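Asker: As given, the protein sequences belong to chains A and B, one line each in that order.
Those letters in the first sequence? Residues 1 to 137, per the numbering used here, in order.
Those letters in the second sequence? Residues 1 to 367, per the numbering used here, in order.
One or more of the hints may lead you astray.
[Stated by the list, open to error] Straight-line alpha carbon distances no greater than 25 Å define the calculated SDA-like cross-link-like pairs of lysine to any residue that follow:
#: 1; chain 1: B; residue 1: 343; chain 2: A; residue 2: 92
#: 2; chain 1: A; residue 1: 61; chain 2: B; residue 2: 339
#: 3; chain 1: B; residue 1: 163; chain 2: B; residue 2: 7
#: 4; chain 1: B; residue 1: 69; chain 2: B; residue 2: 88
#: 5; chain 1: A; residue 1: 18; chain 2: A; residue 2: 100
#: 6; chain 1: A; residue 1: 9; chain 2: B; residue 2: 25
#: 7; chain 1: B; residue 1: 16; chain 2: A; residue 2: 8
#: 8; chain 1: B; residue 1: 40; chain 2: A; residue 2: 40
#: 9; chain 1: A; residue 1: 133; chain 2: B; residue 2: 351
#: 10; chain 1: A; residue 1: 61; chain 2: B; residue 2: 33
#: 11; chain 1: A; residue 1: 70; chain 2: A; residue 2: 89
#: 12; chain 1: B; residue 1: 343; chain 2: A; residue 2: 54
#: 13; chain 1: B; residue 1: 69; chain 2: B; residue 2: 177
#: 14; chain 1: B; residue 1: 343; chain 2: A; residue 2: 6
#: 15; chain 1: B; residue 1: 203; chain 2: B; residue 2: 140
#: 16; chain 1: B; residue 1: 4; chain 2: B; residue 2: 16
#: 17; chain 1: B; residue 1: 11; chain 2: A; residue 2: 7
#: 18; chain 1: B; residue 1: 63; chain 2: B; residue 2: 327
#: 19; chain 1: B; residue 1: 16; chain 2: A; residue 2: 6
#: 20; chain 1: B; residue 1: 363; chain 2: B; residue 2: 351
#: 21; chain 1: B; residue 1: 327; chain 2: B; residue 2: 314
#: 22; chain 1: B; residue 1: 343; chain 2: A; residue 2: 47
#: 23; chain 1: A; residue 1: 70; chain 2: B; residue 2: 33
#: 24; chain 1: B; residue 1: 259; chain 2: B; residue 2: 270
#: 25; chain 1: B; residue 1: 244; chain 2: B; residue 2: 266
#: 26; chain 1: A; residue 1: 70; chain 2: B; residue 2: 24
#: 27; chain 1: A; residue 1: 136; chain 2: B; residue 2: 63
#: 28; chain 1: B; residue 1: 40; chain 2: A; residue 2: 80
#: 29; chain 1: A; residue 1: 70; chain 2: B; residue 2: 292
#: 30; chain 1: A; residue 1: 136; chain 2: B; residue 2: 10
[What the hints assert, rightly or not] Residues of chain B placed beyond 12 Å of chain A at every Cβ, according to the derived structure:
#: 31; residue: 18
#: 32; residue: 155
#: 33; residue: 162
#: 34; residue: 226
#: 35; residue: 325
#: 36; residue: 350
[Unchecked claim] Which bits of chain A does chain B cover? Going by a derived footprint, with three or more residues having C-beta under 8 Å, they are:
#: 37; segment: 36-50
#: 38; segment: 94-106
Derived by calculation from the structure, the hints in this document are not laboratory data.
As the structure is a prediction and not an experimental result, all values here were calculated from the model.
Note that the Cβ used here is the ideal one computed from N, Cα and C, for glycine as well.
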Amino acid sequence: MAGKEPGMKVPEDLLYTKNHEWCRIEDGTAVVGITDYAQHSLGDITYVELPEEGQMFQAGKVFGTVDSLKTVAELFAPVSGEVLEINSGLPNSAELVNEDPYNDGWMIKVEISDEKELELLLPAAEYLKLVSKQNKK
Amino acid sequence: MALKTTPLHAKHLELKARMAEFAGFDMPISYDAKTGGMLKEHLAVREHAGMFDVSHMGEFWVKGAEATKFLSYACSRGFSSLEDGRAQYCLLINRDGGIIDDIIVYRFSADKYWMVVNASNVTKDFAHLRELSKSFKVSLEDVSEQTALIAIQGPKAVELFSKIVPKSENLKYYSFMMSSNGWLVARTGYTGEDGFEIFLPNKEALSLWNEFESKDVVPIGLGARDTLRLEVGFPLYGHELSEKLRPMETFSAFATDLKNEFCGVEKARLPNRYLPIAVETSTPKPLRADEKLFLDSKPVGWITSGSISPLRRVGIGLALVDLSLLKSPLSNDAIFVLESAGKAREAVRTLPPFVGTPRVKRKLKAA
Chain A
1 MAGKEPGMKV
11 PEDLLYTKNH
21 EWCRIEDGTA
31 VVGITDYAQH
41 SLGDITYVEL
51 PEEGQMFQAG
61 KVFGTVDSLK
71 TVAELFAPVS
81 GEVLEINSGL
91 PNSAELVNED
101 PYNDGWMIKV
111 EISDEKELEL
121 LLPAAEYLKL
131 VSKQNKK
Chain B
1 MALKTTPLHA
11 KHLELKARMA
21 EFAGFDMPIS
31 YDAKTGGMLK
41 EHLAVREHAG
51 MFDVSHMGEF
61 WVKGAEATKF
71 LSYACSRGFS
81 SLEDGRAQYC
91 LLINRDGGII
101 DDIIVYRFSA
111 DKYWMVVNAS
121 NVTKDFAHLR
131 ELSKSFKVSL
141 EDVSEQTALI
151 AIQGPKAVEL
161 FSKIVPKSEN
171 LKYYSFMMSS
181 NGWLVARTGY
191 TGEDGFEIFL
201 PNKEALSLWN
211 EFESKDVVPI
221 GLGARDTLRL
231 EVGFPLYGHE
241 LSEKLRPMET
251 FSAFATDLKN
261 EFCGVEKARL
271 PNRYLPIAVE
281 TSTPKPLRAD
291 EKLFLDSKPV
301 GWITSGSISP
311 LRRVGIGLAL
321 VDLSLLKSPL
331 SNDAIFVLES
341 AGKAREAVRT
351 LPPFVGTPRV
361 KRKLKAA
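Same shape as in the complex, but just chain A (with noise of 0.2 Å):
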């Protein structure tokens, strides 16, 4: 958990995306979430709309949305394959996202159809250097 900054946890045992999502690998599963670094830079975090289960998504493709009272972002897919499992509880407690983005505030777990995609992911290391830079700019 480097940083102690606001929104600098970076936990290494995690991937990330460019996007700011994270993704924890579980047995061929994806745990798919957004940083801490991206619920502090939307702020106040009140809405999350994720897809449903079953749905299939692309890498890089839009999942779903996350409406802070700033501004509305959009959630992309970090690895290819079928959405196995959401968390019902975000739509009626989004807080959970800026109050604890890498557990209770997780969005949805991902089938994984393709391990090599998980080689275009950033280590918790190069994401840190990542968020450093746009910190400080």
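Could you slot chain B onto chain A? The hints should help.
Answerer: Positioned in the frame of chain A, the structure of chain B alone reads:
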């Protein structure tokens, strides 16, 4: 150009507020590092007490033998029957009937008034008033730069502030007093809650802020200020009010007396082109300014200010409907489709405010 700052700027930085430009000032949007965010700030004002640095706003003196006559001409309603010690919300209207600003005018006496104007409009308002004032025996003075403004709002505000300025608790809504230390203390606000707005010299602002802080008054940024005012249906200049709109086309029509012969009144009496409405949704996805409203698949209007109601957790918005695009009169419970990506959403017409507060009561919807 460097941004302007208020006398509390260093304090905002010390509190690690999220800062952003507003009306040429570097202003606090949220004190989230301390408060946990805008929603928590919003609720603190509804349930406890919050303090706002709104020193960016503009203040003018209007003095002279014809001050009452002048203001009754310059503003959308008259001042001859306003009592000394009372304040009045009204509009400045240009010769085309367009709204230059919405302001509050405080009557000290028939020949002495104080005025508070929006930060973004200080220069424009002063130039307009100076031009109009040429035919009246009045003098104008812009004291914006030496005047700080701190608001304290919420159910605990009166009790807390009466310990700092005794007898302020006796003020009626829209009344004001001068405190023994020379502050203008008004029982007004922009949140729907009870409380005060305190005009004071720049150099005294920090000690009042710190005193509030010691009494656990929560600092509130411009973000929550916006959701607080929107939840009670108060207009914001540049959104619900602009030079493109005439007073009777806005929710500030109540503050316009068309029998009063004010500057621009002939144009203000023309038939309305727009209808101001309020709409709400059924989920906490915020409405957004500029989202279009569709009726029978045709665009008929747009959101002027949108967000959510933090209390009711639904999308809320103030909007304008272009009357020339309606085929029949708009019903009280019209259902619009919103222009938004993804799933189509509906917004239902309602009456503002979106929540009732001590200062703004909910109206029963006409059948």
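Asker: Each hint needs a verdict: does it hold in this structure or not?
Answerer: Going down the list of hints, with the structure as the test:
1. For the given pair, residue 343 (chain B) sits about 18 Å from residue 92 (chain A) by alpha-carbon distance, which is consistent with the 25 Å threshold.
2. Taking the CA atoms of residue 61 (chain A) and residue 339 (chain B), the gap is near 22 Å; set against the 25 Å cutoff, the hint holds.
3. A hinted pair counts as satisfied when its Cα atoms are at most 25 Å apart, and residue 163 (chain B) with residue 7 (chain B) qualifies at roughly 24 Å.
4. A hinted pair counts as satisfied when its Cα atoms are at most 25 Å apart, and residue 69 (chain B) with residue 88 (chain B) qualifies at roughly 15 Å.
5. Simply put, residue 18 (chain A) and residue 100 (chain A) have alpha-carbon atoms about 20 Å apart, close enough for the 25 Å limit, and the pair holds.
6. Distance hint between residue 9 (chain A) and residue 25 (chain B) is unfulfilled; the C-alpha atoms sit about 32 Å from each other, more than 25 Å.
7. For the proposed pair residue 16 (chain B) and residue 8 (chain A), the alpha carbon gap of about 16 Å is at most 25 Å, so the pair holds.
8. The suggested pairing of residue 40 (chain B) with residue 40 (chain A) holds, with an alpha-carbon distance near 15 Å, which does not exceed 25 Å.
9. A hinted pair counts as satisfied when its Cα atoms are at most 25 Å apart, and residue 133 (chain A) with residue 351 (chain B) does not qualify at roughly 47 Å.
10. Pair hint residue 61 (chain A) plus residue 33 (chain B) does not hold up; C-alpha atoms about 33 Å apart against a cutoff of 25 Å.
11. For the suggested pair residue 70 (chain A) and residue 89 (chain A), the alpha carbons sit about 22 Å apart, so the restraint of at most 25 Å is met.
12. With a C-alpha separation of about 18 Å, the suggested pair residue 343 (chain B) and residue 54 (chain A) falls inside the 25 Å cut-off, and the hint holds.
13. The suggested pairing of residue 69 (chain B) with residue 177 (chain B) holds, with an alpha-carbon distance near 23 Å, which does not exceed 25 Å.
14. Distance check on the hinted pair: residue 343 (chain B) and residue 6 (chain A) sit about 33 Å apart at the alpha-carbon level, beyond 25 Å; violated.
15. In summary, the hint linking residue 203 (chain B) to residue 140 (chain B) is supported, as the alpha carbons are separated by about 23 Å, within the 25 Å threshold.
16. For a cut-off of 25 Å, the pair hint linking residue 4 (chain B) to residue 16 (chain B) stands: about 18 Å separates their Cα positions.
17. The straight-line distance between the Cα atoms of residue 11 (chain B) and residue 7 (chain A) is roughly 22 Å, inside the 25 Å bound, and the hint therefore holds.
18. Distance check on the hinted pair: residue 63 (chain B) and residue 327 (chain B) sit about 50 Å apart at the alpha-carbon level, beyond 25 Å; violated.
19. At roughly 11 Å between alpha-carbon atoms, residue 16 (chain B) and residue 6 (chain A) fall within 25 Å of each other, so this suggested pair holds.
20. Our distance criterion of 25 Å between C-alpha atoms is met by residue 363 (chain B) and residue 351 (chain B), whose separation comes to about 7 Å.
21. Distance restraint check for residue 327 (chain B) and residue 314 (chain B): the Cα-Cα separation of roughly 29 Å exceeds the 25 Å cut-off, and the hinted pair is therefore not satisfied.
22. This hinted pair checks out: residue 343 (chain B) and residue 47 (chain A) have alpha carbons roughly 14 Å apart, not beyond 25 Å.
23. Only pairs whose Cα atoms come within 25 Å are accepted, and residue 70 (chain A) paired with residue 33 (chain B) is accepted, the gap being roughly 17 Å.
24. Distance restraint check for residue 259 (chain B) and residue 270 (chain B): the Cα-Cα separation of roughly 13 Å lies within the 25 Å cut-off, and the hinted pair is therefore satisfied.
25. At roughly 16 Å between alpha-carbon atoms, residue 244 (chain B) and residue 266 (chain B) fall within 25 Å of each other, so this suggested pair holds.
26. Annotation: proposed proximity of residue 70 (chain A) to residue 24 (chain B) holds, straight-line Cα distance about 20 Å (limit 25 Å).
27. Pair hint residue 136 (chain A) plus residue 63 (chain B) does not hold up; C-alpha atoms about 50 Å apart against a cutoff of 25 Å.
28. Distance restraint check for residue 40 (chain B) and residue 80 (chain A): the Cα-Cα separation of roughly 37 Å exceeds the 25 Å cut-off, and the hinted pair is therefore not satisfied.
29. Proposed proximity of residue 70 (chain A) and residue 292 (chain B) is supported: the alpha carbons are some 18 Å apart, at most 25 Å.
30. With a C-alpha separation of about 21 Å, the suggested pair residue 136 (chain A) and residue 10 (chain B) falls inside the 25 Å cut-off, and the hint holds.
31. Separation of residue 18 (chain B) from chain A is inadequate, the least Cβ-Cβ distance of about 8 Å not exceeding the 12 Å criterion.
32. With a cut of 12 Å on Cβ distances, residue 155 (chain B) stays outside the contact zone with chain A, its closest approach being about 22 Å.
33. Non-interface call for residue 162 (chain B) relative to chain A: holds, since the shortest CB-CB distance, roughly 32 Å, exceeds 12 Å.
34. With a least beta-carbon separation of about 9 Å from chain A, residue 226 (chain B) fails to lie farther than 12 Å from that chain, contradicting its non-interface assignment.
35. Non-interface call for residue 325 (chain B) relative to chain A: holds, since the shortest CB-CB distance, roughly 26 Å, exceeds 12 Å.
36. With a least beta-carbon separation of about 19 Å from chain A, residue 350 (chain B) lies farther than 12 Å from that chain, consistent with its non-interface assignment.
37. Only residues whose beta carbon comes within less than 8 Å of a beta carbon in chain B count, and the segment 36-50 of chain A has 5; three or more means the coverage holds.
38. Three residues within the 8 Å Cβ limit are the bar, and the segment 94-106 of chain A against chain B gives 3, so the coverage statement holds.
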